[in-house]
Amino acid sequence: MTLALTLSSPPAAPSDDVTLAANGDRRAFERLYRDNVDRIFSVCVRMVGDRGRAEELTQDAFVRAWEKLGTFRGDSLFSTWLHRLAVNVVLNEREAETRRRDRHDDGIEDLDAISYGDVRPLPVPGLSLDLERAIATLPPGAKKVFVLHDVEGYTHEEIAEVLGVTAGGCKAQLHRARMLLRRMLTK
Amino acid sequence: MTEHDITDESHRAACTECAAEWTELDAISAAARALPQLTPSRDLWSGIDARLAGNANTSSSALARAERRWFRSPTLRMAAAATLLVVASSAVTWRVATDRNDTAPSDPANGVTDSAAAVLAALTEAPAGSPRYSQASYESDFAAMDVEIRAMQSLLNERRAELDPNTIAVLEKSLMLIDQAISESRSALLNDPASQFLAAQLARSYSTKLTLLRSTATMPMGS
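Protein chains in written order, with this note's numbering: chain F, 1 to 187; chain Z, 1 to 223.
Quick caveat, the hints were computed from the structure, so don't treat them as lab data. Because the structure is a prediction, the values reported are computed rather than measured. One should not assume that every hint holds.
Unchecked claim - Here are a few chain F residues that sit away from chain Z, every Cβ distance over 10 Å (derived from the structure):
id, residue
1, T19
2, N92
3, E157
What the hints assert, rightly or not - Sample of chain F residues at the chain Z side, in silico, Cβ under 10 Å:
id, residue
4, E30
5, Y33
6, D50
7, G52
8, T58
9, R73
10, L77
11, F146
12, R178
To be verified - Below, simulated DMTMM-like cross-link-like pairs (lysine to aspartate or glutamate); rule was C-alpha separation at most 20 Å, straight line:
id, chain 1, residue 1, chain 2, residue 2
13, F, K171, Z, D8
14, F, K143, Z, D26
15, Z, K173, Z, E162
16, F, K68, F, E56
17, F, K143, Z, E24
18, Z, K173, Z, E184
19, F, K68, F, D130
20, F, K68, F, E132
21, F, K171, Z, E162
22, F, K143, F, E132
23, F, K171, Z, D26
24, Z, K173, Z, E158
25, F, K171, F, E161
26, F, K143, F, E93
27, F, K171, Z, D5
28, F, K171, Z, E9
29, F, K68, F, D50
30, F, K171, Z, E24
31, F, K143, F, D16
32, F, K143, F, E157
33, F, K171, F, D130
34, F, K143, F, D130
35, F, K143, F, D35
36, F, K68, F, E93
Backbone N, C-alpha and C fix where the C-beta goes; we use that ideal spot for every residue, glycine too.
The following block holds chain F by itself, in its conformation from the complex (with noise of 0.2 Å):
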């Protein structure tokens, strides 16, 4: 699966910094690094609850975003190129972790067998905010759907395409994820 990497925000020349990086200056792009990480970050350890996994896939996506900036074109901001293929890296390496566990997790468990019972201890240490928690605790497809639209702003439409589901399976997915949240936090 590869989420396109050209909707959405509107077309901008590469920065100074795109252009040098794209020409092999590290320095450029630890700039770009620099400026990125946080966000990249954020979407990474939300996504897989865990920081120390959430580390890795950060290194990794920059890592090919450095192998595949010869291919970006300016077609979208740099930051949203690089958000998406971090989560393409992301959803990429869950389907590999997936298939080594030879466990479904295409994003469509029955959510109304998930009790409170089910809920697993909290994976993230040190995110305080119960909403951060709460969703460290979602299962992966509620959680994927969720993060991907009420915390980064996705269309249903992107993200069905992306997990290879109907935009009216996600809206489904959305729905339970938030109810299941509410349950959580009022819990």
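Keeping the supplied structure of chain F fixed, place chain Z upon it in accordance with the hints.
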């Protein structure tokens, strides 16, 4: 549609219970949109930079394949390494000395001048009243050292099969630590580009790396 379809706007207009629930869900969405960005617990750049350096070596494999035709024998490879060191290091050293109106601190006895050591000396040992070793100059010299390092690493990649695996393991572990130090110094220099102290720290790390690469690249087979 269920009897209480909370997503149905007309139903919510008539059902206060569902309307209230919908408001709560809306509040959750609003709170999600307002979540702050999170920061990693450590600086991830050093690890990224080390991997990019590895990629650069990989991408230079075509060059390495072309060089392979010339470097069939270990003797020729070591000779080439020595020549490379003399040319690359001397160029940087000459520039440093020129900047300082000084004589180049080359060592004619062994024919190898240490470019990083020359930069370090220019940054830390310049006599009072001598021209300041400029930021532009040392940045240019570090870039030249990067070229030298890439060339040495390509040579080492060529020789991997000839060297003892334990030597390679120790080398890689050491390089990782040095690269981390280089990355941290570079990051600090980005924030304070005029700092001669930070530039000297970076030069020390470069000097260590170059020394390690040189000694390993010119090791006899089986070392």
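Now the hints, each set against the structure:
1. Look at T19 (chain F): its CB is around 17 Å from the nearest CB on chain Z, clear of 10 Å, so calling it non-interface holds up.
2. Even its closest Cβ contact with chain Z, about 17 Å, leaves N92 (chain F) beyond 10 Å, as expected for a residue assigned away from the interface.
3. No beta-carbon of chain Z is positioned within 10 Å of the beta-carbon of E157 (chain F); the least distance is around 18 Å.
4. Taking 10 Å as the C-beta contact cut-off toward chain Z, the hint placing E30 (chain F) at the interface holds, the least distance being around 6 Å.
5. The interface hint given for Y33 (chain F) is met, as the beta carbon of that residue sits about 6 Å from the closest beta carbon of chain Z, less than 10 Å.
6. Interface restraint check for D50 (chain F): the shortest CB-CB distance to chain Z comes to about 12 Å, outside 10 Å, so the restraint is violated.
7. Interface restraint check for G52 (chain F): the shortest CB-CB distance to chain Z comes to about 9 Å, inside 10 Å, so the restraint holds.
8. Interface hint status for T58 (chain F): upheld, as the beta-carbon distance to the closest one in chain Z is roughly 6 Å, under 10 Å.
9. Here the hint on R73 (chain F) is broken, as its CB sits about 21 Å from the closest CB of chain Z, past 10 Å.
10. Taking 10 Å as the C-beta contact cut-off toward chain Z, the hint placing L77 (chain F) at the interface is violated, the least distance being around 16 Å.
11. Against a cut-off of 10 Å between C-beta atoms, the interface hint on F146 (chain F) holds, since the closest Cβ of chain Z lies about 7 Å away.
12. The interface hint given for R178 (chain F) is met, as the beta carbon of that residue sits about 5 Å from the closest beta carbon of chain Z, less than 10 Å.
13. Taking the CA atoms of K171 (chain F) and D8 (chain Z), the gap is near 13 Å; set against the 20 Å cutoff, the hint holds.
14. Annotation: proposed proximity of K143 (chain F) to D26 (chain Z) holds, straight-line Cα distance about 17 Å (limit 20 Å).
15. Under the criterion of a C-alpha separation no larger than 20 Å, the hint pairing K173 (chain Z) with E162 (chain Z) is consistent with the structure, at around 19 Å.
16. At most 20 Å may separate the alpha-carbon atoms for a hinted pair to count; K68 (chain F) and E56 (chain F) meet this at roughly 18 Å.
17. About 18 Å separates the Cα atoms of K143 (chain F) and E24 (chain Z), which keeps this hinted pair within 20 Å; it holds.
18. Annotation: proposed proximity of K173 (chain Z) to E184 (chain Z) holds, straight-line Cα distance about 17 Å (limit 20 Å).
19. Straight-line distance between C-alpha atoms of K68 (chain F) and D130 (chain F) comes to about 37 Å, which puts the hinted pair past the 20 Å bound.
20. Restraint check for K68 (chain F) and E132 (chain F): the C-alpha separation of about 32 Å exceeds 20 Å, so the hint is violated.
21. For the suggested pair K171 (chain F) and E162 (chain Z), the alpha carbons sit about 60 Å apart, so the restraint of at most 20 Å is broken.
22. Of the pairs offered as hints, the one joining K143 (chain F) and E132 (chain F) holds, with about 11 Å between alpha carbons and a cut-off of 20 Å not exceeded.
23. As the CA atoms of K171 (chain F) and D26 (chain Z) are separated by approximately 14 Å, the hinted pair is consistent with the 20 Å bound.
24. About 19 Å separates the Cα atoms of K173 (chain Z) and E158 (chain Z), which keeps this hinted pair within 20 Å; it holds.
25. For the proposed pair K171 (chain F) and E161 (chain F), the alpha carbon gap of about 13 Å is at most 20 Å, so the pair holds.
26. Using a Cα cut-off of 20 Å, the hinted pair K143 (chain F) and E93 (chain F) holds, with the two alpha carbons roughly 15 Å apart.
27. With a CA separation close to 14 Å, the supplied pair K171 (chain F) and D5 (chain Z) stays within the 20 Å bound.
28. Restraint check for K171 (chain F) and E9 (chain Z): the C-alpha separation of about 15 Å stays at or below 20 Å, so the hint holds.
29. Restraint check: the Cα-Cα separation between K68 (chain F) and D50 (chain F) comes to about 26 Å, which exceeds 20 Å; the hinted pair is violated.
30. Simply put, K171 (chain F) and E24 (chain Z) have alpha-carbon atoms about 17 Å apart, close enough for the 20 Å limit, and the pair holds.
31. With a C-alpha separation of about 36 Å, the suggested pairing of K143 (chain F) with D16 (chain F) is violated against the 20 Å cut-off.
32. Between K143 (chain F) and E157 (chain F) the alpha-carbon distance is near 17 Å, which keeps this suggested pair within the 20 Å criterion.
33. Distance hint between K171 (chain F) and D130 (chain F) is unfulfilled; the C-alpha atoms sit about 24 Å from each other, more than 20 Å.
34. A distance of roughly 15 Å separates the Cα atoms of K143 (chain F) and D130 (chain F); the hinted pair therefore holds under the 20 Å criterion.
35. Between K143 (chain F) and D35 (chain F) the CA atoms are separated by roughly 26 Å; this puts the pair beyond 20 Å, and the hint is violated.
36. This hinted pair checks out: K68 (chain F) and E93 (chain F) have alpha carbons roughly 18 Å apart, not beyond 20 Å.
Taken one by one, the earlier hints fail for this structure at numbers 6, 9, 10, 19, 20, 21, 29, 31, 33, 35, listed in ascending order.
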